[in-house]
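Novice: Chain by chain, the residues run as shown.
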Amino acid sequence: MLEGCIKQVRAVHPLIHNITNYVTVNDVANVILACGASPIMADDAREVEEITTICQGLNINIGTLNARTIEAMRLAGRKAAALGHALLLDPVGAGASQLRTRTASRLLDEIHFDVIRGNVSELKALAGQTGRTQGVDAAAADIVSDQNLPEMVSFAKNYARETQSIIAITGAIDLVADEKQCYVIRNGRPEMAQITGTGCQLSGMMCAFLAANLANPLAACACATITMGLAGEIAYQHLAPYEGNSSYRNRIIDAIAKMDAETIKQGANYEII
Amino acid sequence: MLEGCIKQVRAVHPLIHNITNYVTVNDVANVILACGASPIMADDAREVEEITTICQGLNINIGTLNARTIEAMRLAGRKAAALGHALLLDPVGAGASQLRTRTASRLLDEIHFDVIRGNVSELKALAGQTGRTQGVDAAAADIVSDQNLPEMVSFAKNYARETQSIIAITGAIDLVADEKQCYVIRNGRPEMAQITGTGCQLSGMMCAFLAANLANPLAACACATITMGLAGEIAYQHLAPYEGNSSYRNRIIDAIAKMDAETIKQGANYEII
Amino acid sequence: MLEGCIKQVRAVHPLIHNITNYVTVNDVANVILACGASPIMADDAREVEEITTICQGLNINIGTLNARTIEAMRLAGRKAAALGHALLLDPVGAGASQLRTRTASRLLDEIHFDVIRGNVSELKALAGQTGRTQGVDAAAADIVSDQNLPEMVSFAKNYARETQSIIAITGAIDLVADEKQCYVIRNGRPEMAQITGTGCQLSGMMCAFLAANLANPLAACACATITMGLAGEIAYQHLAPYEGNSSYRNRIIDAIAKMDAETIKQGANYEII
Chain A
0 MLEGCIKQVR AVHPLIHNIT NYVTVNDVAN VILACGASPI MADDAREVEE
50 ITTICQGLNI NIGTLNARTI EAMRLAGRKA AALGHALLLD PVGAGASQLR
100 TRTASRLLDE IHFDVIRGNV SELKALAGQT GRTQGVDAAA ADIVSDQNLP
150 EMVSFAKNYA RETQSIIAIT GAIDLVADEK QCYVIRNGRP EMAQITGTGC
200 QLSGMMCAFL AANLANPLAA CACATITMGL AGEIAYQHLA PYEGNSSYRN
250 RIIDAIAKMD AETIKQGANY EII
Chain B
0 MLEGCIKQVR AVHPLIHNIT NYVTVNDVAN VILACGASPI MADDAREVEE
50 ITTICQGLNI NIGTLNARTI EAMRLAGRKA AALGHALLLD PVGAGASQLR
100 TRTASRLLDE IHFDVIRGNV SELKALAGQT GRTQGVDAAA ADIVSDQNLP
150 EMVSFAKNYA RETQSIIAIT GAIDLVADEK QCYVIRNGRP EMAQITGTGC
200 QLSGMMCAFL AANLANPLAA CACATITMGL AGEIAYQHLA PYEGNSSYRN
250 RIIDAIAKMD AETIKQGANY EII
Chain C
0 MLEGCIKQVR AVHPLIHNIT NYVTVNDVAN VILACGASPI MADDAREVEE
50 ITTICQGLNI NIGTLNARTI EAMRLAGRKA AALGHALLLD PVGAGASQLR
100 TRTASRLLDE IHFDVIRGNV SELKALAGQT GRTQGVDAAA ADIVSDQNLP
150 EMVSFAKNYA RETQSIIAIT GAIDLVADEK QCYVIRNGRP EMAQITGTGC
200 QLSGMMCAFL AANLANPLAA CACATITMGL AGEIAYQHLA PYEGNSSYRN
250 RIIDAIAKMD AETIKQGANY EII
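Heads up: the protein sequence lines correspond to chains A, B and C, in order.
The numbers in numbering that gives the first Met the number 0 rise by one with no breaks, and the one at position 96 of the first sequence is 95.
The numbers in numbering that gives the first Met the number 0 rise by one with no breaks, and the one at position 131 of the second sequence is 130.
The numbers in numbering that gives the first Met the number 0 rise by one with no breaks, and the one at position 90 of the third sequence is 89.
Some hints here could point you the wrong way.
Which copy is meant is left open, so a pair is good if it fits within one copy or across any two.
[As the list claims (entries may be wrong)] Mimicking SDA-like on lysine to any residue, the simulated pairs with C-alpha atoms at most 25 Å apart in a straight line are:
1. K156 x I233
2. K6 x Y241
3. K257 x R188
4. K6 x A239
5. K264 x N157
6. K6 x P240
7. K264 x R185
8. K257 x H237
9. K257 x E232
10. K179 x N157
11. K179 x P149
12. K78 x A138
13. K179 x H111
Note that these hints are calculated values from the structure, not bench results.
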């Protein structure tokens with residue numbers, strides 16, 4: 000059933016408005032196309048409400064935020080929320096600077112996001128716990144592992160209850176939770192951490208999955224997460240011995256373009272807690 | 000004869016100033032290098048006139064416009080026009096927001112562009128017809144097809160007459176027209192639509208072809224369009240079964256780097272109406 | 000000994016703050032990851048001091064500078080200098096506009112950079128000599144060659160003495176000099192000039208090498224330069240006949256990801272003058 004979510008993306012072909020960082024924006028656009036949706040990027044305050052109106056989802060990523068784009072995020076977010084669009088926040092680097100933590104918190108105060116997706120340190124920082132964010136990567140001490148899994152699942156569910164959002168904490172083990180259920184997903188490969196922007200890419204794709212599956216939001220977010228992890232596994236098989244992180248990046252996006260429901264059904268590695 | 004235009008690009012090696020969006024800018028730079036020219040990106044109002052002065056062409060793309068870059072576009076555009084440089088406008092998303100439509104229209108009012116290149120919905124929006132732009136893609140109802148070809152060729156020629164610019168409408172069928180002649184080009188592959196920025200890339204390359212062939216502007220623009228389409232065909236042949244849009248993007252730029260006049264002569268698929 | 004510098008990068012795993020242009024930023028991030036460090040990009044004045052504080056190095060690249068980011072460069076630079084972090088300036092396009100020349104000069108006046116890395120025309124422009132910068136490429140008349148080598152080595156050492164910085168002039172022949180010694184490096188391939196941003200990539204990587212080898216700054220900068228050149232040589236061997244500059248870009252980053260001290264020891268081609 001979960002695997003059907005990707006069929007919906009390709010049938011509905013949602014248009015996703017992205018206000019995102021300039022580091023990984025090209026990959027985000029290509030991943031959104033790869034999964035069957037369409038991207039548009041626009042971050043000027045004078046047009047974001049109009050642009051987001053013609054879309055079905057809004058992906059806000061604070062990776063290279065500035066005063067101008069923060070204002071655009073707020074305007075677009077309020078409009079998308081009012082229209083009932085799929086709304087995702089990727090709080091890149093929350094905990095690494097006050098500007099980022101405050102901007103993400105303020106966006107969360109003003110706008111209801113369907114999903115908040117980040118690494119564990121970013122999510123902890125937002126939840127008011129001691130996030131140990133190191134730049135844009137999660138701190139080692141925060142990483143979700145088999146040892147701290149029960150505690151982390153509780154954290155995700157509790158924060159989902161508090162925010163009434165789906166919480167997606169991605170890393171070696173991915174958690175995708177609402178207040179009642181948590182998908183614990185073990186797809187993916189460690190080499191994915193050597194590519195810039197796999198998190199940003201997942202956020203863009205998750206927003207597309209959500210926009211095309213509004214009746215099944217948790218399954219949609221879990222399916223997007225599994226799709227990214229599986230793509231990392233498939234892509235790895237096609238790497239020549241001399242290929243490194245740049246080719247791996249391309250092959251992951253390729254694998255998303257070739258992904259189908261049957262592959263997800265066979266390859267998905269998760270439990271629901 | 001048309002195919003000789005690519006030789007000129009490699010002989011003249013024009014320097015192209017780009018004020019373009021941050022989504023596809025890296026691919027635009029690599030495509031300009033691939034075809035034999037050199038790119039420079041600069042968008043601060045305090046330097047764009049000086050930068051454009053040392054160039055031979057200016058490519059303005061409104062894909063992620065904002066107040067700061069719009070001002071830079073106007074200053075650079077006026078200077079490049081005064082110097083007789085090759086001047087191209089890519090009105091990305093015209094029709095999708097008033098800011099974009101107005102900005103493109105105002106640039107066209109103030110500055111004479113040698114070429115306007117966009118998808119059919121963007122061009123219709125600028126021409127004051129009902130553009131049905133959906134984000135940055137053309138609306139299905141607008142697409143150039145064998146059915147509406149005569150009407151679309153007339154539209155292109157008429158809009159060329161009105162603006163005294165070459166009009167390049169690209170999609171499954173490409174039209175490159177001045178007021179008297181229209182190249183109808185059938186190179187390319189549908190999979191190119193699954194890559195972000197093939198339009199932006201073509202605009203950058205077309206500006207380079209124009210800058211190196213100022214005596215044959217229509218042939219130069221047609222040759223650039225054929226080069227992009229043929230590169231899409233050649234690149235497709237080199238795709239492994241597991242490769243998708245990200246590898247395809249790289250292979251298209253590769254094919255442009257390897258393109259020569261003989262390949263264009265053999266592979267060009269067009270008629271002049 | 001020099002080759003040990005790459006081991007240090009992978010052991011120390013420094014976090015590098017980049018204020019850089021939006022053209023090549025994604026490649027810079029992936030190269031920094033490939034060599035074993037981590038990148039973070041942040042350019043808002045309200046957060047750059049905080050962000051740079053948690054890093055070990057700061058890479059300032061003026062490739063698409065504007066008023067907002069220039070202010071961020073100054074704030075971050077002063078903070079990083081006060082903290083003793085590795086500090087590198089890449090004066091992209093100095094000599095091509097007064098804004099760029101003045102911005103780079105002012106940054107050099109206010110902040111001590113450990114390294115200044117650019118092409119020969121950019122460095123000459125900053126040193127007050129007649130830089131013949133053509134856009135972002137070095138002018139033909141400036142290129143370091145066997146004919147003008149003694150004179151260029153003197154230039155590099157003299158400018159190193161004047162600035163008390165390491166001077167890295169990269170091109171067909173690379174010079175990496177302090178006031179006493181100059182590495183003359185002959186790794187690399189001419190095809191690397193057909194890729195946008197190999198210079199920017201080297202600057203990011205050099206900052207990482209420096210941050211991880213503060214006790215051996217000149218060897219660190221030389222090792223980063225050799226790593227880039229060797230990666231260009233290795234990547235070239237893996238290019239299929241139909242592959243051009245886009246695939247070459249990916250394969251160079253791949254080769255950096257696979258680079259080790261033994262490969263550097265075997266492949267390094269340099270003399271110290």
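Novice: All hints, please: hold or fail.
Specialist: Consistency of the hints with the structure:
no.: 1; hint: K156 x I233; result: neither (30 Å within a copy, 49 Å between copies)
no.: 2; hint: K6 x Y241; result: between (35 Å within a copy, 19 Å between copies)
no.: 3; hint: K257 x R188; result: both (18 Å within a copy, 17 Å between copies)
no.: 4; hint: K6 x A239; result: between (31 Å within a copy, 23 Å between copies)
no.: 5; hint: K264 x N157; result: neither (29 Å within a copy, 54 Å between copies)
no.: 6; hint: K6 x P240; result: between (33 Å within a copy, 20 Å between copies)
no.: 7; hint: K264 x R185; result: within (14 Å within a copy, 39 Å between copies)
no.: 8; hint: K257 x H237; result: both (13 Å within a copy, 16 Å between copies)
no.: 9; hint: K257 x E232; result: both (13 Å within a copy, 19 Å between copies)
no.: 10; hint: K179 x N157; result: within (9 Å within a copy, 62 Å between copies)
no.: 11; hint: K179 x P149; result: within (14 Å within a copy, 60 Å between copies)
no.: 12; hint: K78 x A138; result: between (34 Å within a copy, 23 Å between copies)
no.: 13; hint: K179 x H111; result: within (19 Å within a copy, 55 Å between copies)
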